[in-house]
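2 protein chains.
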Amino acid sequence: MPGDHLPSKGSRYEQLADEIARQIEDNVLRPGDRLPSVRQACEARQISPATVFQAYYLLESRGLIRSEPRSGYFVNPRATTRSLEPALSVPPKGAHRVDITTLVMDGLTLAADREIIPLGTAYPDPSLFPLDTINRSLGVSARQNDAWSAVNHLPTGNERLRREIGKRYLSHGTDIGVNEIVLTNGAMEGLNLCLEAVTKRGDSVVVESPCFYGALLALERRGVKAIEAPTHPRDGIDLSALANILETQRPQAVWLMTNFQNPLGCSMPREKKRALVDLLTRYETPLIEDDVYGELHHDGETPSSAKTFDRHGLVLHCSSFSKTLAPGYRVGWVAAGRFADDIRRLKFMASMAGSIPAQAALAEYLQSGSYERHLRHMRAALKAQKEALVDSVTRHFPHGTRLTRPTGGYFIWVDMPWDSTDALTLRDAAIVEKISVSPGPMFSSQGEFRNCLRLNFGHPWGTNMEQAIATLGEIAGRAPAAMIASP
Amino acid sequence: MPGDHLPSKGSRYEQLADEIARQIEDNVLRPGDRLPSVRQACEARQISPATVFQAYYLLESRGLIRSEPRSGYFVNPRATTRSLEPALSVPPKGAHRVDITTLVMDGLTLAADREIIPLGTAYPDPSLFPLDTINRSLGVSARQNDAWSAVNHLPTGNERLRREIGKRYLSHGTDIGVNEIVLTNGAMEGLNLCLEAVTKRGDSVVVESPCFYGALLALERRGVKAIEAPTHPRDGIDLSALANILETQRPQAVWLMTNFQNPLGCSMPREKKRALVDLLTRYETPLIEDDVYGELHHDGETPSSAKTFDRHGLVLHCSSFSKTLAPGYRVGWVAAGRFADDIRRLKFMASMAGSIPAQAALAEYLQSGSYERHLRHMRAALKAQKEALVDSVTRHFPHGTRLTRPTGGYFIWVDMPWDSTDALTLRDAAIVEKISVSPGPMFSSQGEFRNCLRLNFGHPWGTNMEQAIATLGEIAGRAPAAMIASP
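Chains as they are written, first to last, in our numbering: chain A, 4 to 490; chain B, 4 to 490.
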């Protein structure tokens, strides 16, 4: 069975917390009700006080109950799990080696079958991209393709495209010179080069918990350990936990997705980004900022990035057009601050230069001025699809399921009760039903989040999607007896 | 001055050898003449017997003189330096750290100015490539671009293109499954991934002497040491020296360009390739085979590769379309034998996938059947240009200059007498005259080959080229007094 090597989920205190959460959900416990005292609970259930304390603490962090000094714990007024988001994550402490490639590649291979309902893929529906228009740009730029440019492209890449990227930074309030920008083969190559620029084998890097599996793959490849930091599903990494890690563990770098993080969908508010940069500056620790989803906000304006607040060249900002415009073109970039020369050198050593026609086509497209119109259309579609998915999961998944409601990107994170079907088992059962999902352990170096799924809402909503969610919800609730830990 | 940190060139024995070579060239010493005995030479010049022996040995290895048992050394019958090729290289022994990026990147930056006569570039003239036809293929494949393919390309890349590559292997006598082939961002990414698959930091890898600077850059990036092996300018690495290195130093891999090596232009004969594979198989040592020039033979048929003889999956064969068809597209591949799964995994970790439109355009072009016709045209042009360049260098460079006459590719290696202008000084003086060259030290981890240049004959011949070679020859002969070592 896949995942047999992973630690078992659902410790005793989580089971207790979920049981109480369900009583709240089912109105057995009502707002204002007092919970059994720790001693009562210990006696009634033959468990230790520590277990009860941990369970109450977890319920408190989820916003379901509150403690009142000298009175005990009480159910919160508007607490209903239906509307609740997952709690702040509590990853295992310390720096850990990463070994996740097989799990990730298996997952993506399963998701590549086009007969499958693609709730597990990493990309939105191709119909959201203006492929015809970009292909026309490819034709135009191919005809203009100067013969010399084909053989004398420096490692930094097409200058016209770098200018267009520089203009977009400026329009979002960040002033970046064209020469700081190095074009890469998608953001993934850029992120790998950044990691190479700021770490060596055996170093440690702080990531979110859960975090993008691409970050874990890059750490694994580089032989760098992951320190997973508590991360809030709405506003991202916990800065006091990060400060503590910086002080006590002195990691060589921090790698974050500051906007619409994959998989949580969380975004750091503007002032939190500023505080993050201040904190990192105090420790002279570089930030690898993966910002590939920033342009896909559902409302309002393109959010700031940590890069905006960087006065010391410590932020290596990576992005691409793969999520917003042209996935197959594999055109990304890095604006690496004080590390820009290193990135240029490493890019040259790694692959000399990027694909000229792809870069020229995107430059042509951006100059045509159609990008903003396309993005507006794409954002509106993603927002509508998110609402449909959230509504559907809320109706079909087991009682006590919590989920994120991101304001950008195209992923939600679904946190199922402890007695739901294990996420890896669920993944396998779903594939039989021709539905893909991304199981939680893909997003952790330690096989955590076995009760979590990442679902993609980048695809048009329809009855097939609604049916797929109903099927997933049914599988999630099919908890085999063997999987329920005895009390 | 660039290169000040490099070791001085022209040791005493090399000076003596060049002096005698010039006497032969000038007919002061004629075919059949007996050279002074070692004792006579020692006394006449106040030098040690070892110096004389080394000089005579060098002249012998260059084919200028021969030793006859109990009679002494004699000038060879048809010996004239005009027709001679450089000698087998004698690199410093041992494994060495590499630090060459700055030298290489400076060199390439200088060569990127299109006002400059491009004898130093790494590419042939863009006019040799069928850019219009490929751009039309790009247009055709863009219109056929299936939306799904844009988001579900696995790390191995476009299957149609991999099939076409597999067919070409087969037509050259090598049977490779489509699934062994992984498409990469140019050969350079592929070579880096191969190195990553078979080495770790601190390992040693055997390379040719001189060798392609891209190999040195990759070793530097990976923190792997270079063992430079004696290499013959006509038939490549010396197998007995390699056997000795394998036995005594146990390197983790060997990295060779088996056909039309950059910079020498040497090619291993078919049987030597077979012997190479046998030797490596005995030591279970993987071969990274860089074969980007194989298709650019000037006569006859596409040569075999070491891969052809590999029965144990030890050869990681890398190539690309960058030198033969579409430089700016950056489409290369690896057929990595027993390491194919590792390469697929590493490719995914490094950059997920390659550029879909570029891959699709090349698949379209190859299927159109125009590739062979284009190659025939390109080969004929390169052959004519080689003859013009060799003739011009022979007429304009200082007496005693030796050069290679490769039967493929588009580089010659020019080995100037020890009292010529230092190659790095020459490079700087040439740039002032708007001519680029690639100085010898770019091709060595130890700053060797300071009397050598790589010249590119991939550009149309004309009076400007002839004039450029005359200028280079004049600079080469301009030896400043300070540079001549006292006898």
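Just so you know, the hints here were simulated from the structure itself, not pulled from any lab data. Be aware that a few hints might be false.
It does not matter which identical chain is used: a pair holds within one copy or between any two.
[Stated by the list, open to error] List time: in silico SDA-like cross-link candidates among lysine to any residue, alpha-carbon distance up to 20 Å:
id	residue 1	residue 2
1	386	116
2	203	224
3	437	108
4	386	311
Checked hints:
1. 386 with 116: neither (26 Å within a copy, 49 Å between copies)
2. 203 with 224: Cα proximity of residue 203 and residue 224: in one copy and across copies (11 Å, 11 Å).
3. 437 with 108: Result: close within a single copy only, 18 Å intra versus 51 Å inter.
4. 386 with 311: neither (26 Å within a copy, 55 Å between copies)
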